[in-house]
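For the protein sequence lines, the chains are A and B, in the order given.
With UniProt numbering, the residue at position 123 of the first sequence is 123, and numbering never jumps.
With UniProt numbering, the residue at position 78 of the second sequence is 78, and numbering never jumps.
Treat the hints with care, since some could be wrong.
Stated by the list, open to error - Only part of the chain A face toward chain B is listed, based on derived beta-carbon distances under 7 Å:
#	residue
1	Arg15
2	Glu209
3	Pro225
What the hints assert, rightly or not - So these bits of chain B aren't anywhere near chain A, every CB distance computed over 10 Å:
#	residue
4	Pro145
5	Phe148
6	Gly294
7	Lys353
8	Asp385
Simulated from the structure, these hints should not be mistaken for lab results.
Yeah, the Cβ is synthetic: ideal placement off N, Cα and C, and Gly gets one too.
Protein chains: 2
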Amino acid sequence: MPGGSPQTLRPFLWRARQLYPETEVVSRTHEGIVRYDYDAYGDRVAQLANALASAGYGEGIEAADRAGRESESPGGARLATFCWNHHRHFETYFGVPGTGAQLHTINPLLPDKHVQYIVENAADRTVFVDPSLLPKLEGAVADGPDAFETVERYVVMGESVPDTDLDAVAYESFIDGQPTSFDWPDLSEDRPAGLCYTSGTTGRPKGVEYTQQMLWSHTMGIQSPQGIPLADDDVVMPVVPMFHVNAWGLPFSATAGGAKHVYPGPKPEPADLAGLIEDEGVTVTAGVPTVWLGLMEHVKENDVDLSSLDRLVVGGSAAPEAMIRFFDDHGVELVHAWGMTETAPVGTVSEVKHGLAEADYETRLAKRGKQGLVVPGLEFRVVDDEGEEVPHDGEAFGELHVRGPWVTTEYFARPEATEAEFADGYLKTGDVVTVDPDGYVDIVDRAKDVIKSGGEWISSQELENELMAHEDVAEAAVIGVPHERWQERPLALVVPSGDDADSLSDSLRDHIRQQYPDWWVPDNVVTIDEIPKTATGKFNKKALRDEYSDGSLVEGRVPDDAAPE
Amino acid sequence: MPGGSPQTLRPFLWRARQLYPETEVVSRTHEGIVRYDYDAYGDRVAQLANALASAGYGEGIEAADRAGRESESPGGARLATFCWNHHRHFETYFGVPGTGAQLHTINPLLPDKHVQYIVENAADRTVFVDPSLLPKLEGAVADGPDAFETVERYVVMGESVPDTDLDAVAYESFIDGQPTSFDWPDLSEDRPAGLCYTSGTTGRPKGVEYTQQMLWSHTMGIQSPQGIPLADDDVVMPVVPMFHVNAWGLPFSATAGGAKHVYPGPKPEPADLAGLIEDEGVTVTAGVPTVWLGLMEHVKENDVDLSSLDRLVVGGSAAPEAMIRFFDDHGVELVHAWGMTETAPVGTVSEVKHGLAEADYETRLAKRGKQGLVVPGLEFRVVDDEGEEVPHDGEAFGELHVRGPWVTTEYFARPEATEAEFADGYLKTGDVVTVDPDGYVDIVDRAKDVIKSGGEWISSQELENELMAHEDVAEAAVIGVPHERWQERPLALVVPSGDDADSLSDSLRDHIRQQYPDWWVPDNVVTIDEIPKTATGKFNKKALRDEYSDGSLVEGRVPDDAAPE
Numbered sequence: 001m002p003g004g005s006p007q008t009l010r011p012f013l014w015r016a017r018q019l020y021p022e023t024e025v026v027s028r029t030h031e032g033i034v035r036y037d038y039d040a041y042g043d044r045v046a047q048l049a050n051a052l053a054s055a056g057y058g059e060g061i062e063a064a065d066r067a068g069r070e071s072e073s074p075g076g077a078r079l080a081t082f083c084w085n086h087h088r089h090f091e092t093y094f095g096v097p098g099t100g101a102q103l104h105t106i107n108p109l110l111p112d113k114h115v116q117y118i119v120e121n122a123a124d125r126t127v128f129v130d131p132s133l134l135p136k137l138e139g140a141v142a143d144g145p146d147a148f149e150t151v152e153r154y155v156v157m158g159e160s161v162p163d164t165d166l167d168a169v170a171y172e173s174f175i176d177g178q179p180t181s182f183d184w185p186d187l188s189e190d191r192p193a194g195l196c197y198t199s200g201t202t203g204r205p206k207g208v209e210y211t212q213q214m215l216w217s218h219t220m221g222i223q224s225p226q227g228i229p230l231a232d233d234d235v236v237m238p239v240v241p242m243f244h245v246n247a248w249g250l251p252f253s254a255t256a257g258g259a260k261h262v263y264p265g266p267k268p269e270p271a272d273l274a275g276l277i278e279d280e281g282v283t284v285t286a287g288v289p290t291v292w293l294g295l296m297e298h299v300k301e302n303d304v305d306l307s308s309l310d311r312l313v314v315g316g317s318a319a320p321e322a323m324i325r326f327f328d329d330h331g332v333e334l335v336h337a338w339g340m341t342e343t344a345p346v347g348t349v350s351e352v353k354h355g356l357a358e359a360d361y362e363t364r365l366a367k368r369g370k371q372g373l374v375v376p377g378l379e380f381r382v383v384d385d386e387g388e389e390v391p392h393d394g395e396a397f398g399e400l401h402v403r404g405p406w407v408t409t410e411y412f413a414r415p416e417a418t419e420a421e422f423a424d425g426y427l428k429t430g431d432v433v434t435v436d437p438d439g440y441v442d443i444v445d446r447a448k449d450v451i452k453s454g455g456e457w458i459s460s461q462e463l464e465n466e467l468m469a470h471e472d473v474a475e476a477a478v479i480g481v482p483h484e485r486w487q488e489r490p491l492a493l494v495v496p497s498g499d500d501a502d503s504l505s506d507s508l509r510d511h512i513r514q515q516y517p518d519w520w521v522p523d524n525v526v527t528i529d530e531i532p533k534t535a536t537g538k539f540n541k542k543a544l545r546d547e548y549s550d551g552s553l554v555e556g557r558v559p560d561d562a563a564p565e
Numbered sequence: 001m002p003g004g005s006p007q008t009l010r011p012f013l014w015r016a017r018q019l020y021p022e023t024e025v026v027s028r029t030h031e032g033i034v035r036y037d038y039d040a041y042g043d044r045v046a047q048l049a050n051a052l053a054s055a056g057y058g059e060g061i062e063a064a065d066r067a068g069r070e071s072e073s074p075g076g077a078r079l080a081t082f083c084w085n086h087h088r089h090f091e092t093y094f095g096v097p098g099t100g101a102q103l104h105t106i107n108p109l110l111p112d113k114h115v116q117y118i119v120e121n122a123a124d125r126t127v128f129v130d131p132s133l134l135p136k137l138e139g140a141v142a143d144g145p146d147a148f149e150t151v152e153r154y155v156v157m158g159e160s161v162p163d164t165d166l167d168a169v170a171y172e173s174f175i176d177g178q179p180t181s182f183d184w185p186d187l188s189e190d191r192p193a194g195l196c197y198t199s200g201t202t203g204r205p206k207g208v209e210y211t212q213q214m215l216w217s218h219t220m221g222i223q224s225p226q227g228i229p230l231a232d233d234d235v236v237m238p239v240v241p242m243f244h245v246n247a248w249g250l251p252f253s254a255t256a257g258g259a260k261h262v263y264p265g266p267k268p269e270p271a272d273l274a275g276l277i278e279d280e281g282v283t284v285t286a287g288v289p290t291v292w293l294g295l296m297e298h299v300k301e302n303d304v305d306l307s308s309l310d311r312l313v314v315g316g317s318a319a320p321e322a323m324i325r326f327f328d329d330h331g332v333e334l335v336h337a338w339g340m341t342e343t344a345p346v347g348t349v350s351e352v353k354h355g356l357a358e359a360d361y362e363t364r365l366a367k368r369g370k371q372g373l374v375v376p377g378l379e380f381r382v383v384d385d386e387g388e389e390v391p392h393d394g395e396a397f398g399e400l401h402v403r404g405p406w407v408t409t410e411y412f413a414r415p416e417a418t419e420a421e422f423a424d425g426y427l428k429t430g431d432v433v434t435v436d437p438d439g440y441v442d443i444v445d446r447a448k449d450v451i452k453s454g455g456e457w458i459s460s461q462e463l464e465n466e467l468m469a470h471e472d473v474a475e476a477a478v479i480g481v482p483h484e485r486w487q488e489r490p491l492a493l494v495v496p497s498g499d500d501a502d503s504l505s506d507s508l509r510d511h512i513r514q515q516y517p518d519w520w521v522p523d524n525v526v527t528i529d530e531i532p533k534t535a536t537g538k539f540n541k542k543a544l545r546d547e548y549s550d551g552s553l554v555e556g557r558v559p560d561d562a563a564p565e
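Using the sequences provided together with the hints, build the complete structure.
Below, the structure written as structure tokens:
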């Protein structure tokens, strides 16, 4: 059959080693700054691959799977990470998929029950875990050991293993002594290479698999002039966590472009980020608005040299206009990008297009505040409630549907979710948007009832179920209300079942806190007489948002350490 | 099965229409300058698609094929073009593959017998032909009508049909009245979308099919920072003919990038090119060195404003260093690219990499004179005669082998050629190269015995066979010798079978001229006593090249109208 050879990640690392053996990978870790080059990186990735092959996770090994899903997902063993952004995590990015195994990046900020669900769902066979995240993982294992039945080993990302009940080996011991070359197999481009779960409206996160082809496609897509192109003189610092859709694909595209990598490590503070920008000459960085709000405050109060920084990519939520202006004043172009776990993730990028480049600043600012222009290679449509496409006039709105080579067409082993979330080959994004005559997509509402706080999803429905399970609650609705630092925070509105409403807020928040991480706990629980209903008897969330979303009920109530990151 | 939706050309045109409806396509034609925008282009492409569907070339139609090759090439009808670079040809680029049919771009400069062979081999069902090329095509049909048995219609690229014996319709009549929208089908990415024949060492050209995926991949590959990225403020003029590997893919990548297109039409003279650069503000152009030699001479003698021009991409053969310096002096960056029909075509691009950007001019010039750095997404190896990979030290040489998503893995219906030209998944390019420690590939020799004149291949073996078929010739060898304008020209070295060598040169050249186009005729036929042989008894071409390649035997002998373009 005619065609080229398969699209896999292999050529990107091969090329970086050939052309840029001395270009650096810099990593802030628990052990301090680590610095090596592509050549050494390639050696260590090969050592990891050899260690994985020795452990039985090579090309020929198919996924062992309780649910009998081999035919749906004909990949190799699924190996998980539970890590922040550092060089060892980056080594798994090429090392795991390159052998034919599948890299499953777990979000360590999730509630324990979610972690348990997805490890069980994915049937992970190894978990790579950061020392600082080990207690969190131990808690999840202790609380639900059955979910971890398939896990054969825990690899702690460091030189040694802290005291733990888990059957753990240190990463450096795991790869030590392995050969520094590996005979990378010729993989099918359909082979699952990555896996990332997304939290939706319901309690069960949904897995999105990334095939080798999807990762190749996304890499090439964002390397195009209207993506987030990275050249060999760029220095790229992904602040977006590597468990969030492969840090938006930047570790792959930076390698394809031959750029220098900078990984900011566990829970970087604004001062850490500023220091890395200055010390390493970062030219491009990326993360959610909360991160840049922190950096902004830091820059205002300290003498920070941002002169190396060209582009600051913002995703997850929209950046406030003041932030765009602030960074413009400091010579840094803030670029919006929109995407989802399902879109691998970048779908639109808000560059100023030809014809607008000469427009006045306010006009350009208005465009840049939108989610942006579709990346070449993808297609979208915007449909109203009747399923009709709406005009691109900047006024008419509808749900954004998107399709393309790096947009998934299914959820992992969840046919009912696949059935619900896709139509005519398009992913139904749940984002309600307008498209202006210049083609800029702007999110104006969310069709799905979820809350995004500091770049992390909180399921309002799950919180409502939990609240309504409490004996003192008759009805409960949870809505996201705007928040300056976290973009959104959850607010609970409850109808008490009895008369004793006085101490209900504190007791319900304690109730949630027992089951969920602090950052899931609603900032406030307000008792009301009745939840407004729609004509079909459902909770009228829109009416609640209209009434309660001025922010005064949550402002100042969330402590910094309740943050998702 | 996990994965994204198929990689096809459809999103590129869809996006250009959405975002850049007013960006122009400008075309120099037999009828003068034609100018319209992406919106009108999209309308006309849809009209073409509707006309093709009406003619029975829609998605569901599989290729009718004498040789019973359906299973090897499961595509649609093959429709050929026999055209220069203009807007109608560009309309076929999206219109034909978009319906599910396969666009077969024929090189009208080929000898008639080659045209006959490839039309028959491809079983083309329609031929789109330029009015100025109609006599050439008529001649090929008249001389070998059986080869054209599958051709159902000839579509003449214009408003009307000149007097002809062929069953022809004018392009404008063909699409007239068709709807300006088309329901573009969801095609498999494995579907053949293009077809281009390459002339090799033997007489029979070999077909290379481009699947939708290969064209998508090549487009994204050359849009990356180290390819030939085209942005929405670029104005792109492909001078390289559209029958040469889709004009190096630029019509597709320009559309993906939202750039303005400029097509220079039939046989543009240097003055035409200079005029288009000035009038249309061309920023990027591409072609073989012969073209730029012509422009260079024109610029020296005339007052030409090249200020809009940023990049001049040179492929097909290496540009002389003086040419690089000349364009540098005029603020135009000459960029070498290397590729083949089999590589769709771009494989390397000679950008100055990071770390060399600050080097002195002569150092950068030396790098830029090489074929360049491999484009991200591809892999190569360089192997010596023993099949061992050679070090990348700029000294050791071997044959370049390349593989990747836009590198073909077979020839169209030619398993014996596929067997010969591929190894371990790599295409054996036939180019003998060195790779320096910076990764720059440099062609130092050609493993295959072919001649490349003005960007077009001439088969030395075929000419030798033709000469040796002459009664007055005992032995004949044809070699390519350097030529200032055409880079190479053929020189024949013959051993007469009798004593009458005096008028042999003229009579043998007449003999070749009867069978081949003027530009295939050796510039000189030199009689010698004996052809040197290798140890295994083969013609020692290397010894001949060493002795006769100073150029004095051919210089000044080829008239301008014997040029391939």
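Going through the hints against the structure:
1. Against a cut-off of 7 Å between C-beta atoms, the interface hint on arginine 15 of chain A holds, since the closest Cβ of chain B lies about 6 Å away.
2. Restraint check, glutamate 209 of chain A versus chain B: the minimum CB separation of about 4 Å is within 7 Å; hint holds.
3. Residue-level restraint check for proline 225 of chain A holds (minimum Cβ-Cβ distance to chain B is 4 Å; threshold 7 Å).
4. In this structure proline 145 of chain B is separated from chain A by more than 10 Å, as the shortest Cβ-Cβ distance comes to about 29 Å.
5. Separation of phenylalanine 148 of chain B from chain A is adequate, the least Cβ-Cβ distance of about 24 Å exceeding the 10 Å criterion.
6. The Cβ of glycine 294 of chain B sits about 30 Å from the closest Cβ of chain A, beyond the 10 Å cut-off, so the non-interface label holds.
7. For lysine 353 of chain B, the condition that its CB be more than 10 Å from all CB atoms of chain A is violated, with the nearest at approximately 6 Å.
8. Annotated as non-interface, aspartate 385 of chain B keeps its C-beta farther than 10 Å from every C-beta of chain A; the closest such distance is 23 Å.
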